[in-house]
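Novice: Assemble the whole structure, with the sequences as input and the hints as a guide.
Residue numbers (the numbering used here), protein chains in the order written: chain A, 8 to 124; chain B, 901 to 1517; chain C, 829 to 951; chain D, 1139 to 1315; chain E, 709 to 793; chain F, 7 to 499; chain G, 50 to 280.
Simulated from the structure, these hints should not be mistaken for lab results.
Since the model is a prediction, treat every value here as computed from it, not as a measurement.
One or more hints might be untrue.
Stated by the list, open to error - Under the rule of at most 27 Å between Cα atoms (straight-line distance), these lysine-lysine pairs were calculated in the DSS-like manner:
#	chain 1	residue 1	chain 2	residue 2
1	B	Lys1251	B	Lys1364
2	F	Lys439	B	Lys999
3	C	Lys858	G	Lys52
4	F	Lys440	B	Lys999
5	A	Lys97	D	Lys1252
6	F	Lys370	B	Lys999
7	E	Lys733	A	Lys104
8	C	Lys859	C	Lys947
9	C	Lys859	G	Lys52
10	A	Lys112	E	Lys733
11	A	Lys104	D	Lys1292
12	C	Lys947	G	Lys51
13	E	Lys733	A	Lys98
Unchecked claim - Partial selection, computed: residues in chain F whose CB lies under 7 Å from chain C:
#	residue
14	Asp163
15	Ala167
16	Ala176
No residue lacks a Cβ here, since even glycine has one placed at the ideal position from N, Cα and C.
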Amino acid sequence: MSIMEIIGSFLVIVGSIFLFLGALGIYRMPDLYSRLQAGTKATTLGAMSVILGVGFWEPDWFLKLLVLVVFIGYSNPLSSHAMARAMFKKKIFPWTKEGGVDAYKEVIEPTGEKQES
Amino acid sequence: MNVIFLILILFLVGAIVTAFAGKWSSLLQDGLFILAVTIPAVLFFTQVEMNQLVGWTRGGIHLELGLTPFSYFFAILVLLLGVASAIYSVGFMHGKARKSYYYFNYLLTIMAMLGILFSRDFISFFVFWEIMTWASYLMVVMNGTRTQEIGIKYFVFSAIGAYAMLMAIVLIHAQTGNFLIQDFIDTYPSLAHGRQILIPILLLVGFSVKAAVMPLHVWAPGSYAYSPMSFTSVFSGALSKMGIYGMVIVFVTLLSHLPEGGLIRDIIAWMGAMTAVIATLWAIAQDDARKLLAYSSVGQLGYIVIAVAIGTPMAMLAGLFMAFMHGLFKGALFMVVGAVEKQTGTTDFTKVTGLIRKMPWTFLTALISIIALAGIPPLGGFIGKWMLYESLILSDHYLLVIVAFFSSTAAFLYAYKFLFGFFLGQEEEEWADVKEAPITMLIPMLALAVGSILLGAFPQLILKPINNGLISLGFSDSYGKLWETSTLFNEWGDKVVLQPIIYAIMGVFLTTLAFTYFRNRKRTRYVSTKDISTSGEIPLAHENLTFKENFFQPFLRAVEPVMKKQIDWYYREFGAGLEAIFNFTRRIYSGNGQTYALYAVIFLIVLLLLNGNLFGQ
Amino acid sequence: MEKYLDILEIAIYGSAVALILIGLYGALTKKSLIKIVLGLSIMDSGIHLMMIALGYLKGGTAPIFSKGFENSADQMVDPIPQALVLTAIVIGFGVTAVALSLVIRLYRHHDTLRIDEIKNLKW
Amino acid sequence: MNSQPTHLQPLSTQTKVSRFLMNWLLLTIVWIGFTGTFDLHELLTGIVVAGILSFMAIRIFTCCDLALLAPKKLFYLGKFIVVFLVALVKSNFDMARRVLSPALPINPGVVKFKSQLKSNFAKMVLANAITLTPGTLSIDVIDDTFYIHWIDVKSADPEVAFKEIAEDFENLLIKIF
Amino acid sequence: MEYIIYFALSIMAVALVFVAIRFIKGPTTGDRVIALDTLTTLGVSGIVLASYLFHRFIYLDVALVYGVLGFIGVIVIARYLEGAL
Amino acid sequence: MVGSPVLFVAIPLLAAFLIPLMGMIWKEFVRIIPGLVLAYMLVLSVSLIIYIQSHGTIVEVISGWGPPVGINLVFSPFSGALTTLMTFLGLLVWLYSHKFKRNVDYEPAKKYFILLMLMVTGSVGMVLTGDLFNMFVFIEIVSISGYGLTSFFVRRDSAEAAFKFLLMGAFASSFLLIGIMIIYTQLGTLNMAEIAQRMPQMDYHMKVFSLIFILVAIGVEAETFPLNGWAPDVYTQAPGPISAAMSGIVVKAAVYANIRIIYTMYDLQGAYEYLLIIGLITFIVAETAALKQERLKRMLAYSSIGQMGLAMIAFGIGTKEGVYAALFLMFSHAIIKSLLFFSGSYLVYNKTSKYIKHVNGMGKYLPITAFLFTLGAFAIIGLPPFMGFWSKLALLSAAADSNLVILVAVILVVSIVEAVYYLRVVNRIFFFKKRANTKPEKPTINAMIAMLSLAAIVLVIGFYPDLVTGLIERAADDLMDKGRYIGEILSKN
Amino acid sequence: MKKYIVLGLLAVLGYYLMSIFLLVDFGLPHFAHGVKDVYLSSSKNILKVSNAVTAIVVNFRGFDTLGEVTVLFLSATAMSGILYKKRHDIGERSILFPASSIIRSGAKMLFPSITLLGIYVFIHGHLSPGGGFQGGTIIATGFLLMLLTYQNYSVSHNRLVWVESVAGMLFVIIGLAGYFMKGSFLENVLPVGELNDLFSGGVIGIIYVLVGFKVAAELIGIIYTILHEKG
Ligand code: NA
Ligand code: NA
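Specialist: In structure tokens form, the structure reads like this:
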């Protein structure tokens, strides 16, 4: 096993574990927004790591895998954000403790469908 | 071009040209119309030779046309009535709407009837049969909204008949491989027994419809009554005889080979008898001349059917002779009604009365034709009736004799009613201005009446063609002259035994008529309704002295049970029931697309469940 | 390995059939036009899956002769079902698009999406 | 294909050319990524395609121009990526902790703060970075105001929140864009 | 290496189960979409691993396209959910 | 050779893609080009028909790969005859619509004519192709054009009709795919000739299953009961000429497909009985449903379905006479029904509801149109001496020759129902009084030409059926000779 | 009630479908002399097309593809016909409000790359699993992204018509070139090159590029039509 392969294997294993954790988070977290958090962070890192890992195994593929990694890093937070905003607009507000803050709720609720910039 | 073909083409071209000629000139159209009938008629009598075949192949089907002695006899009737009625039509249709339409269909009808008579193969036969049907159908529905139901009825029954015939034809084709009539007649004895029975029955159903045999007659009264009268004289006089034509051929060429033939003949004879009785009773009940004549036609056709179904030589002769006579006098009678309708605008006995002085020639025609109809000795009607009774008795059909006699007697009642209703009785203010019918209508009427007289005196004129026709059909090869068996005729040839007597009676009759007429003309004395000399009583103003209304009320009350429910009623109920069922089945198309999709899935699953059984190994 | 394939077989065919049936169920019982169209699409996907599965070859690889696979024709799965599926998908898409536009128009006319209320045409 | 967001301001020719070249470069790089080779045919095709595409997309693809290639900016960009990756890894361990023991005290809430960033693109990058860093999720950006879902709200005060969540990134991003 | 891939794939398969449960349970549409989104990420990683397993570079295209379509799909749904359509 | 069968597809597609561009230059082009293309197709098919008289069936190879590798088009006496019929009707439909659609906007007109042209093209493709899956593609082309054309009138219930059509069509295409895939997995080929050749090797159950799926699928387009729920709605709601095209072109192509599959591809005797039974049920249900219709085009639609049932019955008889009769029926029905739809549309022109009662008294206002409708009605119920009679006679003869006496009887009895509902309409046209609120619309000159040419055919063939019987007979021979079909195609390899 | 009937029916159908599939041996060659082997070998050796599916789609069964392109063209035409409104009835696109600025910038950035990916996919149709349809779809989804996130992003209808018409016509013309030069419609008329080279497979690659453009234009048209619908 070359050093590249070892790095690759490490990345793949770690990545897959994070993917698993992300999925677990989606399953276990109490409310939608925390699920989104779990889903985004863990799965993004997990996928990036797995893909990069494969890139270390097969350097010929590296360029293309890099495109994938960048794409995932770019798109995942965007989609999470889009979902978060969409759910807010549907008036599904995050769970907060007594007296917890919800600054965005005020944007949605008092003026109704306030259009943004 | 063969002359047979030419005749048909001339009719067709004539029909189209005449139809369009109306755009330019009405007079030209009338002229063309007369020419379109007469030229082919002249061609027919001068140029057509017997047993000359013209054949060609269309769409892989061999077709043949030709004239046989048997069809020659019918052709005489068709062309005679066709020409007479055509001339009459010019007068009758003058100033009426849809003249082009009328001429077109008239010519097509005549063409189709000739075509039927020319056909030597079933396809030509059927094609012309159908052209005849739809052309006459178009005549039936011609007179506006209220005739629609009648038209549909006519068409449905025609279709039942035609399709029965068509079924027979394709079954025949399956047996012989072609459509030639002669080939089939030759093959018939060797067919399977089931087919031997089925095919003639189907053909008979087809012909019975046109011959208005009960229970397939329900279309006839209405159709006869509501077509233009000028056409009805052809319709009832000649067109219905096409059914007789076909029946005779079936009886002679097919049923004679069949063990069950006798039974079938008897059944049909009885159906004819029932038709005669019931239609006659109905005729009596009518207050409208058109309907009266229409029912009368059906009844008379019943007689004819009895005769041809019995099928002894004399009966056959009687039937065909009556067929011809019926064409003459019924043609004339419908023309009479047409003339009355034309001049007065109605055909209702309860409205029109006392026309004898206004329309003397019309009255004369009516009188002669009624005498012929009633079968009173001097005229041709008598000869047919005599031969019918004679043949029925000789062939031991005593019950039929009774029935025929009953209805024949009953026929006097409506004959009288007809004559009395229009022409005799009180003259009324309303009809004071009525004029005699135009000359173009009078001539053909009188010509037909003269024909009736002529045939009374010289029955051999038409008996000879009948004789030749039947013999050529293979009806009998042992007799040279079929009328020999009748007591009415002498043994040594074509002279009628009673001829001198008939001449004598006729002479007396005509003299009396002439005398009465001319005397009355001078000496007529008009009386008011208050003139006590009428019967010794003073009639009240509201009392109708003409007895037109409820004329035969007591008689009708007596026969009421027979007439309570017309066969019509059953058909109507049946039709309504069918429509209700159809109306229900079409709810399959529920309008919900999902249901349709469900049908598809169910269908698929049913096929899958059936798989092995449906498609076989 | 045989056993593994058996399970795979039933799983793949089973899911294809399940998709077909689910789609059919939706198309046959749902009242909403949108759901019916959705049902049709699901049925389509089931059929596409089935088509692909029917062309599968045990241990097969994609029918692409890319570098290193120039001589692996024997191990390649049947390319024909894939080509057919491609066509079928595109056609299915076209039909769905037309269906949706019809749904829009029906909604515009009838103000409802319930199929059992849209039956002006019947019998 | 035409693409005209009407809200965009007309651009000067120089900016256009600069952006066009930048796009061309970036798209060519992306193309090379797609193909994964430096094969001549592929490369030529890529350059041509990327050129045509950037020419057509000139009004859309507005993130940056050639100025981005200045070494200083590239350095900050690299720095940003490193900071970001570190934050990402940190956030993952943080998330793993929470996922595995959900009993951990959390105090979720939505906070807001204002950002100094001008370009929309930079705001987008910042929002993404925030989403990927520990315990935060961008919910919306309205003008300058960021709304952030924070899984463990330390303070509802915008200033504090900004410091906690976005300050590092924003400082770098201001230098880049 | 194969074993590592098998390990990774099986652990991802387990992850898939959790995602699937979330997809079925909901409770909101948002949850389902998040599950789908995660599924996409898992799928992309899975395809990359599989293409390495089969040594087929060309399968990576599938991963790329899958990722793009998945992303756009989520955006479309999000836009629909927030009532923009 | 004057051209090749592939041009039947290539030229219309080229034109279809060209039309939107040409429309930008001169709007009239969107009407003219489809007409030119359809005329070209007609000329092409006539000249190819003449060509094959002396040179035999044309098997056109596509992409240079002989059958069974590539897709091939087969221009045989059978498919050629149908192609000629379809292109002819297509041209007439175009002619009829050409000015009729002048009052609609440019955009709808463009769509109308493109869809019409491609519907004809798709039907021709269905008939010409020798490849099963390619047939599926053409079926979809036809269907989608059909959906679009059905819903052409925006203010009617046309979307409802189109949706039902689409729903059934979608089911059909799914089933068809299943059927095709079963065949493919068993025989490894999609070429119909090769399938036919290998069919004996196929497992019996697979054979039956595949046939069932295909029959149900194609049955939808061929309007067989109970898959034809869409048809009356579509015929009612589509523009008149399109109804004519549906019944005269599309359904004919579907029946062709049905028959080619049963006669050539499969060797299952029971399939003929299936045709016979289903055809009979279709015929009976449709004709009885037609009796009580209140809308003219809906009545014509049921009549159409019934006639297709008749054609199926004829095919189901399975003898050469039966096939001959079926082809003759299809031919005469295509012509006559088009005439009826063409003239009927004008008789109820000004009403969106198109009730039969709106034809009342039209004989007086539109004499020629009314006469042509009557001619069509007489012809379709099989009155001699019009064209419909010869085909009905051929059918009855074929049935009688095969000893199917009951069948003959049933067909005839049901035909009476048919006669009744047509005559009711004819009576209304001529003998009822016009309703006050109906306004007669004179047919355009183009429409008149289209109707008159159809009427001329009805009359001429009625008097001189030999004009077509030879062609039909050759087509029937061609269909019956399965061995030759296989040989001709596979020898092209 | 209806639901249970349907369920019962579907159970039967499911039984039959499963039994049909189980009769087909999964993962094994089902038939002896299918055309499959010819396709694979000819694709590699004669057409020099690496992706056999592409060889089938564009060449062996290219006629299907022409039909398929036509189907898309038709459904786009039919759709705009179905949803046709008179000029003055046409409303705004039914996007009520734009997406957040984050998504908008993100989409804008991504858009050229997505288009590039689409182009990449159809240019490499003969080498990789991609192709004209896939590429065209990707490009169209890129446009979908833009149309959905921006409220007033618009596509020139005329240009779409141009692209789809010209691409479609070129497809047919290339086909006809085959017919006139080699005797059969859609037959390759260009040198085939080397396997796995970008410039290989003769007209196949070109056709697939055309298909890509055409599909993209049609799908965008379809999306555009639907988005112009209110309610
Ligand atoms: Na995230
Ligand atoms: Na994602």
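Novice: Could you work out which earlier hints the structure fails to respect and list their numbers in ascending sequence?
Specialist: 1
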